Amino acid sequence: MSFVCSLPTLRRTILSGLLLLFAAGLVAPFFVPSALAADQLTIYSGRGERLIKPVLDAFTANTGIQIELLSSGTTELVNRLKAEGDRTSADLLITNDAGSLELARTAGLLRPLNMREVERAIPAQFRASDNAWVGLSGRFWILVYNRTMVKPDQVRSLLDLADPKWKDKIAIPNSGSEYLQAGVSVIRATYGDEKTRQFLQGLKTNADNQVYQKSSQIVDAVAKGQVALGIVNHYYVYRHLAAQPGAPIAVVMPDQQEGGMGAIMNVAGVGVIKSTKHLDSAKLLVEFLVAQAGQKLFADLDKEYPLHQDVKADPALVERKSFRAALVPLSKLAELREPTLTLIEQVGLR
Amino acid sequence: MSTIRQQLASPLQLVVLASAGIILLPLGYVTAQALSADPVVWGRLWATRIPELLFNTISLAASVAVITLVLGVSTAWLITRVEFPGRRLWEGAMVLPLAMPTYVLAYVYSFLLGFGGPVEHLWQLVAGPQARIFSPHSYLGATLVMALDTFPFVYLLSRSALLSMNVSFEEVARASGVSRLSTLWRVTLPLMRPSIAAGVALVILYVVSDFGAVSLLRYQTLTYAVFQQMTGRSDNTAASILSILLVGLALIFLITERWFRQRSRFYQTTGHYRAPQRHQYGWLGTVAVTGYLGLIVGAAFALPASLLVQWSLSPEAQATLDSRFFGFVWNSGILAASAATGGVLIGLPLAYLASRRPTMLNLGCLQAAYAGYVLPGPVAALAVLVLFTKLAPVFYGSVLILIVAYVIHFLPAGLQSLEPALQHISPNLEEVARTLGLGMRDTWRRVTLPLVRNGFVVAWVLMFLQTMKELPATLLLRPVGFDTLAIRVWMEASEEYYQLAAPSALLIVLLSLPALALLVSKDWRAA
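Taken in sequence, the protein lines are chains A and B.
Position 337 of the first sequence, counted from 1, bears residue number 337 in our numbering, the numbering being contiguous throughout.
Position 305 of the second sequence, counted from 1, bears residue number 305 in our numbering, the numbering being contiguous throughout.
Do not take every clue at face value.
Said to hold, decoys possible - Pairs of lysine to aspartate or glutamate, DMTMM-like flavour, derived with a Cα cap of 20 angstroms: (1) A:Lys-321 x A:Glu-258; (2) A:Lys-53 x B:Asp-322; (3) A:Lys-224 x B:Glu-495; (4) A:Lys-53 x A:Glu-68; (5) B:Lys-390 x A:Glu-76; (6) A:Lys-224 x B:Glu-496; (7) A:Lys-214 x B:Glu-496; (8) A:Lys-312 x A:Glu-287; (9) A:Lys-274 x A:Glu-68; (10) A:Lys-53 x B:Glu-495; (11) B:Lys-390 x A:Asp-86; (12) A:Lys-53 x B:Glu-316; (13) A:Lys-82 x B:Asp-235; (14) A:Lys-274 x A:Asp-130; (15) A:Lys-204 x A:Asp-160; (16) A:Lys-167 x A:Asp-153; (17) A:Lys-204 x A:Asp-193; (18) A:Lys-53 x B:Glu-496; (19) A:Lys-204 x B:Glu-52; (20) A:Lys-214 x B:Glu-495; (21) A:Lys-274 x A:Glu-287; (22) A:Lys-204 x A:Glu-345; (23) A:Lys-204 x A:Asp-163; (24) A:Lys-296 x A:Asp-314; (25) A:Lys-224 x B:Glu-120.
Hints in this document: simulated from the structure, not taken from any laboratory.
As the structure is a computational prediction, the values presented were derived from the model and not from experiment.
The following block holds chain B by itself, in its conformation from the complex (with noise of 0.2 angstroms):
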């Protein structure tokens, strides 16, 4: 038995070593690239450009981190902690906002808070006709936008820290005379802290590595300045120290985010564990808890999605829905499918190799898989287009080369739900199917199948939609004639035709609510 699991081992092996290799060959191309670069450029951009950008990307990530953090986790606690009216319905609501491409909230709000926009109007009621709004294509505006889209994250967290808090140290502390709110100051936060800040990590990591909003915002952050410095030079140098200092960036926030997320599991939720009591509200509790609750879904999801269907209906919107546009979505649905499926092809062997032999060697390849987290979408671009130019300039310009981009940026989504389905099987279960007479087929169908296929449903969708919603890379390496739907609402409300990009827009947000729901079950992190 032991020999042929060995000789089935070593094909895979080179496989698993191949695919770290693929994933992990492109990075270090840019990495080469920027240090070999002239130091001339790195003395020019150290004097210009870098300061400026490093400046804006964290003071972003910081305004960001602290406006999420407010607002994740008061509404994590009121949702888990005051029962009124409609409780569970705004549970499920609050996650909205992650249906919402950034560059989708980031396109809204530009008109809304435009100069002469909507709110501007009602503004200038109160304050008198000469009233000015702040600017949304400002840092004031990148942080409002980008806060809304991402707050989910830390109520999420927050969310099942105190669903699975035990409620007795705070009935100690309440006990002992400590008042309601020194409690939560003393005890329930503190017990909070390593959710929270596993949250605002990845918040910060998600904020230093969009693009979306940014650059629909022009506010200029270290990832879009790699995406200008591609497009509008003729060689990458720039942009590849840029990028490293981008992943260096990055790779601090992931590690920060993995540090604590391995603390937050400590909790002690075993022995005298209880649900904690929810207090209930009376009408002007609930009035004022369902107000606030309101206008946080309101502006991160309901506003911008009525906002989004009533330009969709308008009369220029509808002209645009030929075949045209059916091909876009085409384009959109076939990208995402292969992406989807080579992630899930790629990811398997990985995965299966790091739980059932888990070697250095291929813990070390699983973690390599990883490195999609620290590849904003330009960068991961940028690293692959270097790659195949070098390597293998035949697929250059194909749709090859932007599925690997995908994969390579996607697979850490993926594996999220793929290394706990495999690692639900164990020899044994196998090998017990086996001495009660099933044969191999059967074993395989009866028994492992129903083991990973959730696992499997749950990493191909969320790369899907990942792939789907994927801007930058698309934008710099997609082949003639793959325009696809995240293309068409970048380019229209880049030129503020706000209805146009409306369609497009619309569906991916419609397409997103589903996997949604598969997200908030299974895996949320990975969006």
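Next up, chain A with everything else stripped away, as it sits in the complex (with noise of 0.2 angstroms):
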């Protein structure tokens, strides 16, 4: 087992190379480019990159726009560029979720915006107050449940999933997912701490290890029969579907029942950042995903409920006038974020 090489030309040759790697591994952090070319956006982006991209494709085909995307967690997106500061690349950030938009806007990163096109297309509820970040798309958090394991009216609420007899029947996001926080939030301001708690704790049970990163692994697992329900944003559902039109599964829209609190809604969203050099493009792609036309792609692509009201839904979904959403304001969520931790943490929930 040596590795001594017995010929000396193809030792030196190997050498040299070797050599040659060495200074270029030297200099190569300095041509690293740092100033981008004028057309071009940098985009943080917590959204999984399989549906963010092909929307960002299309803006590029439309305009030329080239854009740098870094694909994230959209927590871990925030915090980095709060340690940027003013000396980011990005130009926009993109997340899966409201409450970190909000909370990138209450710690300055964001710039607000005054775009009658914005106003025009999207309704206030689904904006900040100054237009700092600006929702795209609708997703509910909802259940997916096996048809052949499962009858629709066995459950009728989240809540329902902490109970026993479900025990190692589910399968739920890990609690760094934005929408696992938004979501216990929502039901933390409607039910308050200690039901919230209880909830949380059946859970953690109920589920043991089937504790997902991504949802697409959820629905795949229901879709398996591995569980027979688990907790999603509806879109992977759809997607699912889309893609094999024969899966045993299906959605319940969840606390519909009279007194409920009514589904959990979320939205994914956009800002412009603060220092942006290139605030004319960043406005530009603004423009281009909440007109018609990109409202589409996240209907068409995502199967996410558009926000524009001109823009239908895929008829897949469910119909949109069809069932209530809880009344917890978007805004709402970043100042709910903090204590909702504390208590996923006391909880123990991974």
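Assembly of the complex is requested from the two constituent chains, each provided in isolation within its own frame, with the hints serving as guidance.
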């Protein structure tokens, strides 16, 4: 097992190759383009790359403006923007959660926008008061169930999942996911801390190690019959069904019963970074995303509920007018976040 | 002469002190942050997460240690003490699993053992349609993957212990009428004990700091929890508390490993040393041994590798091989090259001064450089992040911060081969060359350089490879547009897009193979 090469020439070639690489390593960091071309936008995105890249590609195809995309966790990116301050190379922040956008706004990271296109397209309850962030697409936290294992009238409310009869039969997202934090915040705001704590305790026991990083995995587990029920954002179910129409899964729009809190809604949204040097291009992107064409992409590709009133959701989805949404305003999600995290940690959710 | 050397030494001394400082400062900051944290946060973590995390981490480490012990020692014994056709081939094949990053093996196994996966289908043919196998996303799954990936450490150390052991001890035992099995138990194994212990401690160190496998298998360990705290919370206090617990745990095993490694040097190999006689096996024995070794190498390397090839050839995977893919290859390449070069440049003065002027200060600086061993990826990232936001926020979000994290993390791997290389050159050799009439430049070119060159090459290649495979620090610190191959594997695999993750994974494995050869011949401890 020896690697000593006997051919001197080959050895010399390898050595000089390595020497070249050594030198390349020395200079490489200085050749990284720090200032990007004028017609280029840098986007920090907390949404799954699969869900946002096609929309951004359509923008590039339309305008010729290139996009550098950094996909990562939403909270992580907000942390990063805070640390980078004015030096950040980001021009826009896209997230999967309104609470995180509101936190970024209160931290002074986002730039208020005065754009009539935005105000015309997106209803006021889906954007910040100063338009520092703008909701782009709506999603509901729903129950997905396996039709061979559960009857639709067996569950009505998210809170039913804490029932001991679902022990080892449910899958949930991990506690780092922003929409779980948002969902728990809404439950807390509606029912108070004590009832929420009991719910989380039951959820933790019933899910045991079926705690997933990605919603698509939860839908997969339900479709395969590994678990009977899961909590996910609605569009993961419809995306799964679009790819595999025969999958034995269906959706319960939860908490619609008399006196129930209504389905928990959140929005994915965008904000322009305060220090951006490409304001015009950034505005152009926001305009593209709120306009009918952009909204249609969210509806068709991602199966989300478009926020533009004139754009229809995918017909496979539950008709938006047929169910109630919970009454907690999106902008409140930010202030609810910290105590929610404390509660989640106390319960010891993963 | 000595005055010149002293003059040279003092700026070098500063460089060395600065390097050691840069390496230790981040750890210091994290420790300070953790210790100054509100006791309420400590209390909450103790009451909720810490017991579970400690239990999970330690029980995973323990079970992996036991399995690697059995696999590593038994394979090493078969390879060194038994003669059978193809033995030399197997001798090399046993280290192949080291070319598989844990996250690649983890994602292959979450497919193989997953719900409704191929293994379950096979099992249902035997045990009936309702039969289930254990989930890969569990303690058992994590144990299996980590054990298959790390047993070569124990194998390599046991193998070299068996090769350098004096067989006369065993022969005396046999001659005194002790049975073969009893000799193995009462003579051979006790003689191997320090090497085995060193190997197992190394395995544990590796398991404790692994992020890739446990994150894909959703098994909650301290390292994974640090990452989750960093990405899911808006302040890093809880992350730093978990980090210093993790560093403490890793330190225990690092010290254990070093202590046993030192003891493992005291073999009597001089005097009446003879190579051991290999026991010739008949066809039945050959079949059994080949089957056993084949099963291990098959599970740990051949099967996963062939799945990766098959997935890479699928149309879905082929469609991803566009210019974007080559961008990821390029990113991996320049990041790894920069980190390796940086590591050699920082490691060189540290190792040089420690071998030329072994004062307490210089030796201390060198030991400080080994801190990377106890800084798992997410902790290194957190440490560098905290340091840069406090001291030099200008560099936040730049390539530099990532490279610093790599260098801190992987410098020990490089130093392992830089140190002995520099110890080879003694000033006498250079002085002899000079008195024989060689000029300064010729002395350097014909005496010094050839002596240290191999050590440098090995150090550079090792750090290059480690960096290329690195996952958590890259995830946390990468600048815009710096997705690497490892990142792509992890992102696709964590959504169970097995085919899409395959080309990047396969490329990482293929690039690791030549370095593995280097590693096995020189310094494999660094993997």
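Are the Cα positions of Lys-214 of chain A and Glu-496 of chain B separated by 20 angstroms at most?
-> holds, 10 angstroms
Given the hint that Lys-53 of chain A pairs with Glu-496 of chain B, does the C-alpha gap stay at or below 20 angstroms?
-> holds, 19 angstroms
20 angstroms Cα cutoff - pair Lys-274 of chain A, Glu-68 of chain A | The given pair, whose Cα atoms are some 18 angstroms apart, holds under the 20 angstroms limit.
Does the alpha-carbon distance linking Lys-214 of chain A and Glu-495 of chain B stay inside the 20 angstroms limit?
-> Distance ~6 angstroms between Lys-214 of chain A and Glu-495 of chain B Cα, so the pair holds.
Please work out if Lys-321 of chain A and Glu-258 of chain A have their alpha carbons no farther apart than 20 angstroms.
-> holds, 17 angstroms
Taken at face value, is the distance from the CA of Asp-160 of chain A to the CA of Lys-204 of chain A at most 20 angstroms?
-> Holds. Lys-204 of chain A to Asp-160 of chain A sits at ~13 angstroms (cutoff 20 angstroms).
Straight-line Cα separation of Lys-390 of chain B and Glu-76 of chain A no greater than 20 angstroms?
-> holds, 18 angstroms
Mind checking the alpha carbons of Lys-204 of chain A and Asp-193 of chain A for me, to see if they're no more than 20 angstroms apart?
-> holds, 16 angstroms
Is Lys-167 of chain A close enough to Asp-153 of chain A, meaning Cα to Cα at most 20 angstroms?
-> Holds - the C-alpha atoms of Asp-153 of chain A and Lys-167 of chain A are around 18 angstroms apart, at most 20 angstroms.
Would you check the hint for Lys-224 of chain A and Glu-495 of chain B, treating anything up to 20 angstroms between C-alpha atoms as holding?
-> holds, 15 angstroms
Restraint status (C-alpha distance of Lys-390 of chain B to Asp-86 of chain A at most 20 angstroms) = holds, 16 angstroms
With a cut-off of 20 angstroms on the C-alpha distance, tell me whether Lys-274 of chain A and Glu-287 of chain A pass.
-> holds, 17 angstroms
Taken one by one, the earlier hints all hold for this structure without exception.
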